[in-house]
Structure formats: structure tokens, C-alpha cells
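Chain A is fixed; fit chain B onto it per the hints.
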Amino acid sequence: MKPIEPRDDKDQEFFIGWEQKVPPRQKKFLYNRLIGIFTFAFLVAILLPALQVHYSQSFHYKNRLVNLEGYFTKNPLPSLLVKRPGGIGEEIPSYSIYYLSYPQKRAIPLEVADMYDSQWVSLRGTLLFNQSDTMIEVQPRSIDVINYYENTPPRPIIPEKSLGIHELKGELLASKTYLGATNPGYGKALRASSVLHVTGGIAPMLVINLPEDTTHEFILIGENNIPIEAIAPYVGTEVKIKGEVIVWGDKLVLKTNLTMINGGQS
Amino acid sequence: MSFSYKAIDWTPFKRAINNYLWVGISSYLALFTLASILFTPTISLNIMLIRAFGSAAFLLLHIILAIGPLCRIDSRFLPLLYIRRHMGVSCFILALMHGLLVIFTHHTGSDVHPLVSVFSSDSGSTISTFPFQAFGAIALGIMLVMAATSHDFWLKNLSAPIWKSLHMLVYIAYICIIIHVTMGILQTENSIVYFLLIFAGVTTLCTLHVYAAIKEFRTDFTAKTNSDGDLVETFPVEDIPEDRARIINLHGERVAIFKHDGKIYAVSNVCQHQNGPLGEGKIINGCITCPWHGMQYHPENGCAKEPSTEKIPTFNTVIKDGVVWVDHKPNLPGSPVKPAVIHEAH
Numbered sequence: 000m001k002p003i004e005p006r007d008d009k010d011q012e013f014f015i016g017w018e019q020k021v022p023p024r025q026k027k028f029l030y031n032r033l034i035g036i037f038t039f040a041f042l043v044a045i046l047l048p049a050l051q052v053h054y055s056q057s058f059h060y061k062n063r064l065v066n067l068e069g070y071f072t073k074n075p076l077p078s079l080l081v082k083r084p085g086g087i088g089e090e091i092p093s094y095s096i097y098y099l100s101y102p103q104k105r106a107i108p109l110e111v112a113d114m115y116d117s118q119w120v121s122l123r124g125t126l127l128f129n130q131s132d133t134m135i136e137v138q139p140r141s142i143d144v145i146n147y148y149e150n151t152p153p154r155p156i157i158p159e160k161s162l163g164i165h166e167l168k169g170e171l172l173a174s175k176t177y178l179g180a181t182n183p184g185y186g187k188a189l190r191a192s193s194v195l196h197v198t199g200g201i202a203p204m205l206v207i208n209l210p211e212d213t214t215h216e217f218i219l220i221g222e223n224n225i226p227i228e229a230i231a232p233y234v235g236t237e238v239k240i241k242g243e244v245i246v247w248g249d250k251l252v253l254k255t256n257l258t259m260i261n262g263g264q265s
Numbered sequence: 000m001s002f003s004y005k006a007i008d009w010t011p012f013k014r015a016i017n018n019y020l021w022v023g024i025s026s027y028l029a030l031f032t033l034a035s036i037l038f039t040p041t042i043s044l045n046i047m048l049i050r051a052f053g054s055a056a057f058l059l060l061h062i063i064l065a066i067g068p069l070c071r072i073d074s075r076f077l078p079l080l081y082i083r084r085h086m087g088v089s090c091f092i093l094a095l096m097h098g099l100l101v102i103f104t105h106h107t108g109s110d111v112h113p114l115v116s117v118f119s120s121d122s123g124s125t126i127s128t129f130p131f132q133a134f135g136a137i138a139l140g141i142m143l144v145m146a147a148t149s150h151d152f153w154l155k156n157l158s159a160p161i162w163k164s165l166h167m168l169v170y171i172a173y174i175c176i177i178i179h180v181t182m183g184i185l186q187t188e189n190s191i192v193y194f195l196l197i198f199a200g201v202t203t204l205c206t207l208h209v210y211a212a213i214k215e216f217r218t219d220f221t222a223k224t225n226s227d228g229d230l231v232e233t234f235p236v237e238d239i240p241e242d243r244a245r246i247i248n249l250h251g252e253r254v255a256i257f258k259h260d261g262k263i264y265a266v267s268n269v270c271q272h273q274n275g276p277l278g279e280g281k282i283i284n285g286c287i288t289c290p291w292h293g294m295q296y297h298p299e300n301g302c303a304k305e306p307s308t309e310k311i312p313t314f315n316t317v318i319k320d321g322v323v324w325v326d327h328k329p330n331l332p333g334s335p336v337k338p339a340v341i342h343e344a345h
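Keeping their order, the protein sequence lines are chains A and B.
Residue numbers for the first sequence follow numbering that gives the first Met the number 0, so the first one is 0 and each next one is one higher.
Residue numbers for the second sequence follow numbering that gives the first Met the number 0, so the first one is 0 and each next one is one higher.
Check the hints yourself; a few may be wrong.
Lysine-lysine pairs mimicking DSS-like chemistry, simulated, CA-CA at most 27 Å apart [as the list claims (entries may be wrong)]: (1) K20(A) to K328(B); (2) K20(A) to K13(B); (3) K163(B) to K262(B); (4) K262(B) to K304(B); (5) K304(B) to K13(B); (6) K262(B) to K155(B); (7) K214(B) to K27(A); (8) K73(A) to K61(A); (9) K239(A) to K168(A); (10) K26(A) to K13(B); (11) K82(A) to K239(A); (12) K160(A) to K239(A); (13) K214(B) to K26(A); (14) K168(A) to K82(A); (15) K155(B) to K214(B); (16) K163(B) to K13(B); (17) K304(B) to K214(B); (18) K13(B) to K27(A).
I should point out that these hints are in silico values taken from the structure, not numbers from a laboratory.
One chain only, chain A, in its complex shape (with noise of 0.2 Å):
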């Protein structure tokens, strides 16, 4: 017959969970794994971060309502052109150019952008920007007409010059969420965010990542500046698309259709 075989000293001690403590030598067990499990979990907590890719220098300041005065243009897409201060160069534009948006995923509204169309308005919003585009979101109902009684400034005019057709590739993001609604701005989880700003009229925008961290980037517009909400699809994917290439001010504008994207796959 076989003798029976010491059991391990571990199997000695036997814990039963409505009991007050637990066997010495098991709680010492298991604070040593506790400690290990929490040693490694701290290092991810560090690590995730650590590693998350390097976004763009955007910014949404939530907080800070500004007042803003300016000229209120709704071609090609909704915006204030606001005067820059002080005396600047001849190659820079006397105009910046602040896209318009409402708060939240939503457009400013096309019978707003209607009324308020080539008049000098004053309005209140926050600020979204990056190191080359702005855009403010306009509280609702803050938008005044400024009713110049004499010396009504001169219309502004912005440079605008066709580059011609170009078939360009990037990635196509809202512009309100690549200038700062959320950032990061772009990517695969931010996708469901973009396409509801896209489907509530925000501009879309193609990103073009060159060498050394930098990027260009086109707003879109439909054919007689109507937004193509309908390429909400293609938003958070990379396309290639085809359309004519404007400069209008400081800023890259390009017009295109449904038809031209992904070499007319659409």
C-alpha cells in the first residue's frame, strides 16, 4: 500500500469566506499578488498615456464666451471675416476668417446664414483653433446686426484664386471636431462623432499628414457652396477625391461632389 504523502503545507490552511480571517500564510499569499497586480497596473496607467499618438495643437475653450464683431459671409461656407488689428504685411490678408458653427454636432442653421449674409454683425461664442483655422461656436440668438449710422466700413474682400483640379489624398474629419471639439480629433473611435457633426452641416474637412508632422487642410464644399452632407459615409476614412482646389484668403478650400470621391466609386 502507499504511504500517504505529506500534502503541501499550502493545502493545510483553508479559508472560508464567512469566516473573520484568513490563514496567515494565505493572506501573505495573496497581498504579495495584490501588490504585483497593482505595481503593473499603475505602469499601464502610465504607459497608455505615454504612448497615445501626438495630437494636433487644438483647443476648444469651453468656457470663455468671447465677443466677436465682423462681416458676416455664408459663401463659401459660413463665416465672420474679422479684421485683423494693428498694421500687417501686404501678403497677409487684412480678413481672418473664422468658420461659424452651432454648439454641439449642428450647423449654423441655413435661414440664419440667410439673414444675416454680407451685414457687419456682432456675436458671442467660444473659440475652437488650431495653429492655422478658427472657428467660433455661436451661441444661439447672439448674433446682432451692427447698424452703422455713418462711416459704414467697406465690404472686406478676400483673395480667392482657383489652383485648378487636383485628385487629393487625406483623411476626411469634421472640421469641428479636427479644430477642437474633441481631441483628439480624428482616428477610427472618433468616427460616430464626425459623422453626426457632418449630418448636422458641419464642414467636412480632408487632412493631408506630409512629412515631419505637418498637415494641410481643405475645407469641402458642394457645387454652389452647399454642404455635402451626404459624404457623411466617407468621414473617419481615408479617400481620395477629386475636386477644384481654391484659395480663398489664407484658407484651402476644395469643391467637390459625391461623384468625385474614391475615384467615382460613390
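Leaving out everything else, chain B in the frame of chain A:
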């Protein structure tokens, strides 16, 4: 169970581990936040919190799923079973925060209903349009059901098999979460470390489960099978420690053979509470005590200690030449049996 009904049956150990758990979770979230501000200062607050809560829930789910196989591999992990449901509810709370923040940040503020948007914003078959958020929502739904039914009240009312089957859905939830993560954030983040961490998590869990299964498989198929009519030869009496058991597989059913107070008892190895391995338990105060949750049974009839009403099948035993022989046909659950008396046999 052999204790009166309470919302949570706190013990000092449970309370201590629960406190450590939440200190750990809070520290993780704080560290994640600080590291985000340090390394990616322009990140949006919402996005940072979404990632912090999501990654914390993902990590905690791995720990929860590792507890089961670890307990089968090494019994010193068994006390963690008592806190696993607390961990599960904590994991659900973290996942819920992640989900609510995602809905608030990405799916509100348009004319589309937020819940419709979760399921409809991605509907393509390519990687960039794959509906990864729908998988996250399904996993959250499963975790909601599990968290809501985690109390013993539901265990008693649904019955152990149904409750256990319901909670096995955690593996479906885990698969959904792996799809959610790999088709979601992994498509945005390009660091190899993200991929390696997920791969290591999945591999570790699979390895632990397979190793634990192999260990049990070996136990089942290394036992003797000599038989005499309905009786099957099992272990020498001396190989069974006092107040402990040896487990043997008889025609596909695991039987726990206990030695207590000069007698040999054989009962089903499966606890009716949550299918715990009774044979890895111990006889305490004359009752077989399950190592998983402390459910207790009288060895002489398989009835749970009052006020519980669960019953397990018993088996007839005899001792021949110092070896325990067990009748492979089980008695009805709760049937009294005459134990084999050791000194009579000798």
C-alpha cells in the same frame, strides 16, 4: 448558504480587499489622468476620461477572468473568489462610466437619438467602418445583467445552473470587448505596446484556462477503474487525509470521497450553490464545506446545512482490503447513506 440574509455579507477580509480594490481603481484613474496631462496636455477632458475608465474596466475584467483558473491551479487564490462578484460590479461601474461618457461626447447633440447612433454610426465591413461600438454596447448590456443579478437573491431564485449559465455570458462579453478594442482604439493608436498589452492579456487568460482544464482532465483520467459489479475501486483509505477528500471520476461524474471521524463518505463533487469542487473543500464542524463560497452539506445525507435547502447526490461506499470502493450509481440527492466504517473494515 449557512448564514442569514444580508445585502452584502461583509467580513473583514472582504471589506479589506474591497477597499484595496477601490483604492487601486482610484489610483489607476488618477495616474492615468496625470500621465495624460503630462504627455498629451491638449487631450480633451472627455476623451481622457473615456480612455481612463475604459482601460481600467478592461484591465479589471482580465483580473476577474483570471481568478477562476488560478483557483483551480493553486488553492491559495481561493479567497479571491469571495470578492469576485464585487470586482464584477466594480468593473461594470467603470464600463458604464466609459459608455455614458462615449454617448455624451460622441452621440449627443444631433438629431439622431444617441442610442440609435451607437448602433448605426458604423455599419460597414471595412476596418475603418466596422461597428466596433455596437460590440462595446453588447458587452455592456451583458455586464449590466450580470451586475444586476450578482446578489445571492438571484442565485437562489434563478437556481444555480441557470445563474451560472447566465454568468458564463461574461466570456461572450469578453470576446465582444476584444473586438471593440481591437477594431476601435487600436485602429487609432499606432504604438506596438497597445497591441502587445492586449495580446498578452488574451494569451494569459487563454493559457490559464487551458492549463486549469488540463489539470482537471488529468485528475479525471489517472484514476483506477477496477470494478466489481456496480462498485468501482478508488483510493486506499490511507491516501485520503482526515477531514479532506480525494476526487475520482466515475463514469463521467466526479465524486468526492471524504474521510471524517473514522468513516468514509462519498458525495457528488459538484456544489449546488455555484458548481464549486466540494472535493477540494474540508469537513468543518461535521459538514463538508465548499472551498468556493463556504456552502456546507451533511456528509451522511448530502443535505445542505439549515436553513439552506440544497441537496447533492450521495454514493454507497465499502472498504475492501484497505481500499475504498464506491458504487458508481448515485443515490437521489439528499438520500441518507451508511458510511463505510474504517475500523470495522480493518
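**OP:** Could you tell me which of the numbered hints above are not met by this structure, giving the numbers in increasing order?
**Re:** Hints 1, 3, 6, 11, 14, 15 and 17 not satisfied by this model.
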